[in-house]
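**Q** Here are the chains, one letter per residue:
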Amino acid sequence: MHASALTLSIDSSFDHVFLVGLVVRQIALFAGLSPEDSSRVELCAVEAVNNAIQHAYEGRPGGVVEVHVRLEPTALHLEVRDRGRPMDPQRLEVAELPFDERTLLDESGRGLRILRAAMDEVSYHSAPAGNCLRLSKRLPGG
Amino acid sequence: MELECSDMGTALVVRTRERRLDARLASEFKDRIGQLIEAGHRRIVLSLAGVDFVDSSGLGAIVSCLKKLGPAGDLVICEVADGVQQMFKLTRMDRVFRILPTEAEGVAALSV
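So the protein sequences, as listed, match chains A and B.
Numbering of the first sequence is given in the numbering used here, commencing with residue 1 and proceeding in unit increments.
Numbering of the second sequence is given in the numbering used here, commencing with residue 1001 and proceeding in unit increments.
Think of the hints as simulated: they come from the structure by calculation, not from any bench.
Keep in mind that a hint or two might mislead.
Derived coverage of chain A by chain B (criterion: at least 3 residues anywhere in the stretch with Cβ under 8 Å from a Cβ of chain B; other residues may be distant) [what the hints assert, rightly or not]: (1) 13–19; (2) 44–50; (3) 60–72; (4) 105–116.
Pulled a few chain A residues facing chain B out of the computed Cβ check, cut under 10 Å [claimed, not checked]: (5) R40; (6) I53; (7) Q54; (8) F99; (9) D100.
The beta-carbon is built from N, C-alpha and C at its ideal position, and this holds for glycine as well.
Could you put the whole structure together from the sequences, leaning on the hints where they help?
**A** Take a look at the structure:
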């Protein structure tokens, strides 16, 4: 299988995020991930886009969120790009903390930790042209 | 969002007709359940039948309801789809919520 890629683009409104999730889930299933892992990848795509809308655009519509999906023989890569306010990289470091008793009853703050728990690689890059959250999931046999 | 409620005497069963409990609906869900709690319903069975996706915002809204109920109240979740169950497990929320297979078991659990 050669690498294949597509880019999804939505307005920065929570109303459209589910469409990204549905597409990513189908690609994950096609790539050979189990239904459970495909659900997790869908969840991560949604969380990453929600994070961009909430933090880069402060929950306001009118911005652009792009999700670049790249399917390689050994891994599925997602890049969530926005042109809003950069995220404090420290938030991703804090997200390495496990889900434990101290945070179980928090009403927010789970999104990035879900990415850390469910994906094999998570990184964030900010540049003048925009911000990019990269997620990778190894495929079976990859 | 569409919520359907059945007062079973000892507990209020709340069902949603939405397929996804996510950031789009989390705030409204939290407010609507909050209103039910303020109206005096302290024992709630939340049926997630037909819900095939919950994100961290949806989860946060359910946590908020649990906290609003306080120590005198109780919340049981039932009819949870496999994918949603995975999400509860991933975030360890399966340790916070009582999750039961059916509505009847949820109502029974709150009747004792």
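**Q** Determine which of the earlier numbered hints do not hold for this structure and return their numbers in increasing order.
**A** 3
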